[in-house]
Amino acid sequence: MEGPDVPVAPMLDMAFQLLTFFVLTYRAAPVEGQFVMNLLPPQPATAMAAAPADAAASNELPATLRTLPVVLRADDAGRLVQVNVADVDVSNDPAALQEELDRHLQDPDSPFDQTLIKVDPNLRYAELMTVIDAFTNAFIKAKKEPKLSFDELRGDEGG
Amino acid sequence: MSGGVISKEKAEPNLTPLLDIVFQLITFFMLVINFASDNYDQRINLPDAGSARPVEDDSRIAEDRLVLNVDSEGRLLQGDEAQGIDQAVQTIRHQADLVKLGLKASGVKFDPAAAGLPTTIILRADKETTFGSVLGIIKACQAQGFRKFALKAMIRS
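Residue numbers (our numbering), protein chains in the order written: chain A, 1 to 159; chain B, 160 to 316.
What the hints contain is simulated information worked out from the structure, not anything from laboratory work. One or more hints might be untrue.
[Claimed, not checked] No farther apart than 20 Å at their CA atoms in a straight line, the calculated lysine to aspartate or glutamate pairs in the EDC-like style are these:
no.: 1; chain 1: A; residue 1: LYS143; chain 2: A; residue 2: ASP93
no.: 2; chain 1: A; residue 1: LYS144; chain 2: A; residue 2: GLU100
no.: 3; chain 1: A; residue 1: LYS144; chain 2: A; residue 2: ASP109
no.: 4; chain 1: A; residue 1: LYS143; chain 2: A; residue 2: ASP75
no.: 5; chain 1: B; residue 1: LYS298; chain 2: A; residue 2: ASP151
no.: 6; chain 1: B; residue 1: LYS286; chain 2: B; residue 2: ASP207
no.: 7; chain 1: A; residue 1: LYS144; chain 2: A; residue 2: ASP93
no.: 8; chain 1: A; residue 1: LYS141; chain 2: A; residue 2: ASP113
no.: 9; chain 1: B; residue 1: LYS298; chain 2: A; residue 2: GLU152
no.: 10; chain 1: A; residue 1: LYS141; chain 2: A; residue 2: ASP102
no.: 11; chain 1: B; residue 1: LYS298; chain 2: B; residue 2: ASP245
no.: 12; chain 1: A; residue 1: LYS144; chain 2: A; residue 2: GLU99
no.: 13; chain 1: B; residue 1: LYS286; chain 2: A; residue 2: GLU32
no.: 14; chain 1: B; residue 1: LYS286; chain 2: A; residue 2: ASP89
no.: 15; chain 1: B; residue 1: LYS169; chain 2: A; residue 2: ASP5
no.: 16; chain 1: B; residue 1: LYS286; chain 2: A; residue 2: ASP75
no.: 17; chain 1: A; residue 1: LYS118; chain 2: A; residue 2: ASP89
no.: 18; chain 1: A; residue 1: LYS143; chain 2: A; residue 2: ASP102
no.: 19; chain 1: B; residue 1: LYS286; chain 2: A; residue 2: ASP151
no.: 20; chain 1: B; residue 1: LYS263; chain 2: B; residue 2: ASP223
no.: 21; chain 1: B; residue 1: LYS286; chain 2: A; residue 2: GLU152
no.: 22; chain 1: B; residue 1: LYS286; chain 2: A; residue 2: ASP93
no.: 23; chain 1: A; residue 1: LYS118; chain 2: A; residue 2: GLU152
no.: 24; chain 1: B; residue 1: LYS286; chain 2: B; residue 2: ASP200
no.: 25; chain 1: A; residue 1: LYS118; chain 2: A; residue 2: ASP151
no.: 26; chain 1: B; residue 1: LYS298; chain 2: B; residue 2: ASP230
no.: 27; chain 1: A; residue 1: LYS143; chain 2: A; residue 2: ASP113
Same shape as in the complex, but just chain A (with noise of 0.2 Å):
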């Protein structure tokens, strides 16, 4: 009545083998996040990111017054040096950004429902990613929905 007897050793020998190959090659995906952004092109940069079509239906005033002008100034070795909110310098400290922002975003006074931020070209990618988390911070705090665009900063152009 007893079935054949089939050896189930070998079969978990092979199984561990293939256990043990798995867990030395994983690896933990990293974790990535993104920001999502219309970017309009270069040459209207300035006057159409600024001014989207169904925001501009939305709201009387005029797009460059709603949009809150910011200035990213970098040093030769591409580290952030100077932030300028609405003409205003800030201290490049996250902190102090971030309480700036907020004050502008968050005054149910305050116009602006956009940026537009013009950067250094030499700044580096990873200070200016400091910064696009402070503004999009900010917005989601003033229930605002993130409108970011950039521009490139040139050499003759105030702060």
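Chain B: place on chain A using the hints.
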């Protein structure tokens, strides 16, 4: 005369449940292993950002996407090749032509002045690269009709 009784029976533990468990573990590791890592170039060190949206939670990203890896020197990485800005512009143009051909084949009307291409550019730029290099790539994409961008960053814990 005392004599021990030596049993000739072998111990035969039932290995089947153990095998079941091991196969389940193998299945788990096979499923969670990251096979789709081709787009995620390990040479790129992404910048950190706490408020970046997790990829899977962002429903605004269209299925159609084009991943561009930019290294610390500002070059576009295509496989093992690192392309300067001129070559990168040609690569992006070629990719845009493919997208436009695909749209044409599927009967979708494309108006570059109105909405732009539906493809989202996934930009994975190294944290040491300069904004000027990234902007060069972005402008090349915009010139070809791409409007939707997703800037990648590591989510800080």
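Results for each hint:
Simply put, A/LYS143 and A/ASP93 have alpha-carbon atoms about 23 Å apart, too far for the 20 Å limit, and the pair is violated. For the hint linking A/LYS144 to A/GLU100, the alpha-carbon distance of about 16 Å falls within 20 Å, and the restraint holds. For the proposed pair A/LYS144 and A/ASP109, the alpha carbon gap of about 14 Å is at most 20 Å, so the pair holds. Restraint check for A/LYS143 and A/ASP75: the C-alpha separation of about 34 Å exceeds 20 Å, so the hint is violated.
For a cut-off of 20 Å, the pair hint linking B/LYS298 to A/ASP151 stands: about 10 Å separates their Cα positions. For a cut-off of 20 Å, the pair hint linking B/LYS286 to B/ASP207 stands: about 8 Å separates their Cα positions. Under the criterion of a C-alpha separation no larger than 20 Å, the hint pairing A/LYS144 with A/ASP93 is inconsistent with the structure, at around 23 Å. Between A/LYS141 and A/ASP113 the alpha-carbon distance is near 12 Å, which keeps this suggested pair within the 20 Å criterion.
Pair hint B/LYS298 plus A/GLU152 holds up; C-alpha atoms about 11 Å apart against a cutoff of 20 Å. Distance check on the hinted pair: A/LYS141 and A/ASP102 sit about 8 Å apart at the alpha-carbon level, within 20 Å; holds. At most 20 Å may separate the alpha-carbon atoms for a hinted pair to count; B/LYS298 and B/ASP245 meet this at roughly 12 Å. For the hint linking A/LYS144 to A/GLU99, the alpha-carbon distance of about 16 Å falls within 20 Å, and the restraint holds.
A distance of roughly 14 Å separates the Cα atoms of B/LYS286 and A/GLU32; the hinted pair therefore holds under the 20 Å criterion. Taking the CA atoms of B/LYS286 and A/ASP89, the gap is about 25 Å. The hint is violated against a cut of 20 Å. Proximity of B/LYS169 to A/ASP5 is assessed by CA-CA distance (about 14 Å); at most 20 Å being required, the pair is judged to hold. Of the pairs offered as hints, the one joining B/LYS286 and A/ASP75 holds, with about 16 Å between alpha carbons and a cut-off of 20 Å not exceeded.
Note on A/LYS118 and A/ASP89: the hinted pairing holds, with a Cα-Cα distance of about 14 Å set against a maximum of 20 Å. Only pairs whose Cα atoms come within 20 Å are accepted, and A/LYS143 paired with A/ASP102 is accepted, the gap being roughly 11 Å. In summary, the hint linking B/LYS286 to A/ASP151 is supported, as the alpha carbons are separated by about 19 Å, within the 20 Å threshold. Restraint check: the Cα-Cα separation between B/LYS263 and B/ASP223 comes to about 15 Å, which is no more than 20 Å; the hinted pair holds.
Among the hinted pairs, B/LYS286 with A/GLU152 is consistent with the structure: their alpha-carbon atoms are about 18 Å apart, no more than 20 Å. Between B/LYS286 and A/ASP93, the direct Cα distance comes to roughly 18 Å. Compliance with the 20 Å bound is thereby established for this hinted pair. With a CA separation close to 5 Å, the supplied pair A/LYS118 and A/GLU152 stays within the 20 Å bound. For the hint pairing B/LYS286 with B/ASP200, the CA-to-CA distance comes to about 14 Å; that is within 20 Å, so the pair holds.
For a cut-off of 20 Å, the pair hint linking A/LYS118 to A/ASP151 stands: about 5 Å separates their Cα positions. Distance restraint check for B/LYS298 and B/ASP230: the Cα-Cα separation of roughly 17 Å lies within the 20 Å cut-off, and the hinted pair is therefore satisfied. Distance check on the hinted pair: A/LYS143 and A/ASP113 sit about 10 Å apart at the alpha-carbon level, within 20 Å; holds.
Consistency with the previously given hints fails for numbers 1, 4, 7, 14, ordered from lowest to highest.
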